[in-house]
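*Asks:* Chains as they are written, first to last, in numbering that gives the first Met the number 0: chain A, 0 to 219; chain B, 0 to 315; chain C, 0 to 478; chain D, 0 to 668.
Simulated from the structure, these hints should not be mistaken for lab results. The structure displayed is predicted, hence computed values, not measured ones. Cβ atoms here follow ideal geometry from the backbone N, Cα and C, with glycine treated the same way. No false leads were slipped in.
Quick list of simulated restraints, FRET-style, between CB atoms:
hint, chain 1, residue 1, chain 2, residue 2, range
1, B, Ala270, D, Ile500, 54 to 64 Å
2, A, Tyr24, D, Val663, 22 to 32 Å
3, D, Leu550, B, His202, 21 to 31 Å
4, A, Val93, D, Asn639, 15 to 25 Å
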Amino acid sequence: MSSLQFDIAHLLAGSLVLISFMELYQDRLYALLNVYAMHALVLALSVAWQAFVQDAPHLYVTAALALVFKAIVIPVALHRIVVQLGIHREIEKVVGVGPAMLAGMGLVALSMVVMLRVTHDSDPLAREDLAFALSVVLLGLLMMVTRRNAVSQVVGFMSLENGLVLAATGAKGMPLVVEISVAFSVLIAFIVIGIFLFRIRERFDSVDLQAMDRFRGERR
Amino acid sequence: MILDFAVQGLQMLLVLALAPLLTGFVRKAKARLMRRQGPPLIQPYRDLIRLMHKDVVLASNASWLFRVIPYLIFAVTWVAASLVPTFRIGLLFSWSADLIAIIALLGSARFFQALAGLDVGTSFGGIGASREVMIASLAEPAMLMIVFTLALIAGSTQLSNIAEFMVSPAVGLRVSLALGLLALILVAIAENGRIPVDNPATHLELTMVHEAMVLEYSGRHLALIELTASLKLILYVSLIACLFAPWGLKPEGAGIADFTIGIPAYLGKLAVGGFLLALFETSIAKMRVFRVPEFLGVALMLGLLAVLLRFVSGSL
Amino acid sequence: MSFDASDAVLLIPAAAAAALALLPGYRITARLNVLATLATFVAALSMLWARPEPGLYLRVDDLNSTFIVLTTFVGFTTSVFSASYIGHELETGRLTPTFLRFYHAMYQVLMFAMNLALLANNIGVMWVAVELATLTTVLMVGIYRTHEALEAAWKYFILGSVGIALALFGTILVYMAARPVIGEGLAAMVWTNLIAHAAAFDPALLNLAFVFLLLGYGTKVGLAPLHAWLPDAHAEGPTPISAVLSGLLLNIALYVLLRFKMLLAVNPAALAPGPLMVTLGLISLVFAAFMLYRRRDIKRMFAYSSIEHMGIIVFAFGMGGPLANFAGLLHMTMHSLTKSAIFFAVGHVAQVKGTQRIADMGGLTETNPLLGWGLILGVVAIAGMPPLGIFMSEFLVVSSTFVRSPGLAIILVFGILVGLGGLFLRLNTIVFGEPRGPTAEAKASYVPLFAHLALVLMAGLYMPAALVAWFENVAKLLG
Amino acid sequence: MMLTVVLWCAAALLALAPLAVIVAHMAKAAPIVYGLCAAAALISLLAALKQLLGAAPAESMALPLGIPWVGTHFRIDALSAFFLAVVDLGAVTASLFAIGYGSHEAAPSRVLPFYPAFLAAMNLVVLADDAFTFLVSWEFMSLTSWALVVSHHRVRDNVYAGYVYIVMASFGTLALLLAFGLLAGPDGLYTFAQIRAAHPTAGFAALVLFLALIGAGSKAGLVPLHVWLPLAHPAAPSHVSALMSGVMTKVAVYGFVRIVFDLVGGPAWWWSMVVLALGGVTAVMGVLYALMQHDLKRLLAYHTVENIGIIFIGLGLALAFKAYGMDSAAALALTAGLLHVFNHSVFKSLLFFGSGAVLTATGERDMEHLGGLIHNMPQTAFVFLVGCVAISALPPLNGFVSEWLTFQAVLLSPQLPSWGLKLLVPGVGALLALSAALAAACFVKAFGVTFLGRPRTLAAERAAETDQFSLAAMYFLAALCLVAGVLPGLFIDALAPLADILVGSRMPVQTGVQWLSIVPIAAGRSSYNGLLVFLFIGISGTLAAFAIHRLASDRLRRGPAWDCGYPDPSPATQYTASSFAQPIRRVFGTSMFRARELVEMPPPGDMRPARLVVVVRDLIWDAIYAPVAAAIGFSADRLNVLQFLTIRQFLSLVFALLVILLLVLAIWP
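Next up, chain A with everything else stripped away, as it sits in the complex (with noise of 0.2 Å):
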């Protein structure tokens, strides 16, 4: 493949970890919800541009997914449910934005050596997009644990699903993609239900505020 089209990949899946830590680096839910959607844009675009590259025609269902799904869909939804719920517009923080994003960084710098170590036989494209796939999937689930807000929990779990997709477009001529694809669409939308369901305004931890204390597993 030509050293252009490398860089356009490179570059989008650069940008996509780069959204990460932006999302990291907020603190209004709003705000947050909207560079989600950024994110889920930029991933949708990536995915198109693996399946010009690799012309692979059912890329683009997962593309149109992304962009239609992810970035519309969802960000929509979770925005009406913090109006209904009426849920505290700022996100609560386990550690400060500082740390988190030092954390980050680690991570990122983590996946990159894990990757490199990568025999280099195997095509560099693959290794650089896995790599920073990777590093999307950690910020991912680093957001989820340092966030305390449901709604904020559930973004990192989507970028860190949209750095599985990634990997998964990256990976030439893998089948399912788009399966599994939707299949995760399906998930993130039976979290969302859940939330909405179970009215949970603020966190995960719990089904509802009073429920909290007294129903986590065993009574103390």
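Using the hints provided, position chains B, C and D relative to the given structure of chain A.
*Replies:* Same frame as chain A, now just chains B, C and D:
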């Protein structure tokens, strides 16, 4: 063979006959040392006979065991005593029980005597029994340690062989022997309930040990118990004599003629032993019951020390 | 592709699921449920004789046929138990007929998913199946709609989803590793090809993949510290589901893990998966053993004991070698049977006493002798006492480990001992002492319970040569 | 041939267990089951004796059970035969006793099924010839006895005792498991034949010794692993207590002997020091514990600990002599130990039966509530007395013989070259002597307080003689005590083949010696003749009685007790068990048990009675077991926090693990 039987029989009768005499002798000697007239030597015999002819008054709730025990302990002690060489080594049945067994026999006697103390269910019986077993629980190990010492020196636990070895010049003077003798004397005093451990003459309740145990006995039973006590005394004296003063002990196969030396020698030893005992008793005061463990602890330590010496070196 | 046993094992549950979703009335549905599982079991048995050819998607070999027979069997017995259990639930009104219909359908879906995961010859399909199984169990755990149940289901769901994601990433990595060697497309995800060419894969990718798979599927296995969902899911869901979870689902996840372990084992340059598994196994064992002491809920306690035993099994496979692997397989089988048996007993106990709080139970051997002694027998078995099967596997594990690495064996023994202490501590209060709580006779069939225990007992004393040969092959496969 | 017979007996016993489950609720269940048990055990006993006395060659057999590629191996050689005889002797008498005793059982369905299984397990342990079979039977033995211990489960203490027991038992089993793991090697050569063939390195052998000491010792009740024993043995029904104390501990000794003398191979000299020290401490600690007790069955249980100590002293000496190739001396020491195994099994069963009879007659185990039973239960009292004399190692009964032999072995040990042993052995000898003396004291207390004196409670006053079966069993054992005491030569000779196997030498043949006396080493050195001593005592006693009754008086009057002139009608003024032990408690207990006497004297005018409380602490429990329990509880509490984390916190655990693993990969060479 016949002779051996005769000798064994003679030995049995001898100790039985001499036992009260020794007791009487010690009493007399004590009295004299205290500037008292004292009872005649044969007083113990008189007492025994008088007691024998009295009725037995049995506590209402005394059990069959209570009535059997006097005979039992008498028999056991007598057997033990008759196995200790007095005037002649190599008694016919000496091999039927070695020194350890003799000690154990005395142990059985004590076991039953203590039971007798508990049978009627009076508080004094209890006091006596519990103190007796406490003393015994220390005296017996000490005694066994002494036995070990001798056995290791003589290379045998057989009383005759030990005595034989003691007669022989091979003995020499040994530290372990000295320690053993000392320990043996302490144990003997405790075992026979003499001052300072116990006072055979006392009837002051709280100081009694042996007397408290036999408090409920009367008549022939009491006589037997008294006799047993005397037998035990003579046993220990002759034990010490044959182990540490074996002179005049005739070897196996000696004829009648030799007894003219053996028996007087034995009587002499008894006299000396009795006198020393009396002397010791008059010159010391009885100690509190809970000093006794220390007294016997000393004996045990001495015995153990002697054994250790024997273990680490053949010559000590 | 011609229809054969392996298809049957999949189609019967699928069809049954559809049917059960439609049919009303719990008596019929329960019976149908039993019938379907029985049919599945028979089909699975038939596979032992007529083994289907491996295809692109499905395959049957020694390893998974062991598991399939076990799974379908326990699935069958559990459905029998569930029939009587559910009846009681309906009477007490904890479940409505609608939910019941849903329950039975889900039960079959679960069976389908597990069989699929076992039969799959394609790591993608394998992944999908495991996740399907997870999601179904999530739904069933929440079926009582109590706060605790929803809480447990939710926890299970979230942790599960993360596990799903990690496992998928691992799968992708495996594909990436395979692609340069095997070439693009479906072929690079077919298990048989993978194992054939694994030696040539890029070790670094394989290592990375294994890390993600270990975490992803390890969450399902319930290895500490990934176990969090397990105790609550067991405690709050319907007992038949607890039995299936402990007895089967954990095994399925472990099976998948083993498949990937084999991949790494083939590749000389890749890092040995053994130490990782041994470490996680020991952590889970000791951790769970200590957790047993403070349990107040009977089902949660046995859930922790499942974690403990998963620890032992993973440890055994981590140690490797013919003896340890054999022991691992044996332990896995015995644990499924015993643990599901225990949950059968526990289910009846909870129904008799009307609670799951251990403090409210007592003198069970007095009030319900059969149930009480059944429970004791189960606990004795799970505590690894002869003459029951688990003793044999623990004997093999410990004795084979001690010479190779004494330190590990000491930890293992320590964990086992601590766990035993915890189990008996609680058992005493349940079965002995003055009777406490209601003493109604449980209207239930003890057949599944004692059938399982009988099997475990038999395995402890005598193992059929065929089974042994089979296990030994598998042990060799696992290397 | 014999092997098949005994195996069939064991199988019959096993088959009896499920049968018992079915018949348990029938009226005549107990006699039937126990009768069948007795029959099976008797056959097995006879077979074992034939094997042992006939000096038949070892037989072995393999069944396709257990670990598939190993199979289940059984073998009967002299060692197994001897212990099998011990086991089945106990089994026969216990079953016989139980035919009567068992009819008083409140919940037979909790005893009957496990009893035969327990017997079968003990039989199989001594027959097993491969590690797996051995351990299965071993742990099965623990399991069944556990079920019997908790049979009276409504008593909280019993359940607690069962808990401590099952944990300690599993601890021991796991230790043995590790030991066999070492012996079998990495490729799992589990049969004893293979183990014998493979000679472990010195380090491994030493490790095996320690593991065997832990494993077998914890079952036998070696201090400090004895804690479960005085809890569990008394909790079980008395015939089971008898089996556990008299027989199961011996099975443990068998395990130790089999591993250390047979399987491991040549011992190192210092092994004996460990064993001797443990044995000596155990002997004295056991009897001191016993002296502090006033629960009859617990007292007996602690005496089991003591006797185990004595046995291990014998075994330790045997190890020492074996290590230095002094085979004949080793044979003597070993024979002494094994003879004590037999003797103890006999009189300990007898004593537990007696306590069982007392228990059924009065419903009391606490000696403080007994007394005066000799009047209502003369026969039980008599046999119990025989047992007491025997266990106190007093001539002419059997307990004395084995201790006498042990002393003889001790007296041989100066020839040992090692200085460590030269210093240790005398001390151990002193401990042995001390324990013997204290045992006598303790049984004066046990018998005196229980059977003599005046009844302390109504229950004791109303007691009635026990049933015929129980008496038959007890009389039989009492007779055995006497026979083994007066004719020890026969038993010593029976043990010769064992010595041959284990130390490659045997004691001189005793049956030929004149007057049936025993001569362990040489006539000149030491000899003992129980028969003559017995006869002498009998003759002179009757002689004296006869003479006195003839020549003096045989008149007898009954009167109230004199008691120095102020007898007290209240039986409460008698010496109780604790007051009897008070002097010894003051001598030994103050340091050993921190024994303290708290006197609570109310002020004048206060109507409350004054109270004296004796506080006795078990330092071993405080020093070892309490801390362990506390540590486990502490860590359980700490870890329990993990049950209550939030989902996010759990996720962070997962995340942390992931990062750690990735780091590992990153720095992987």
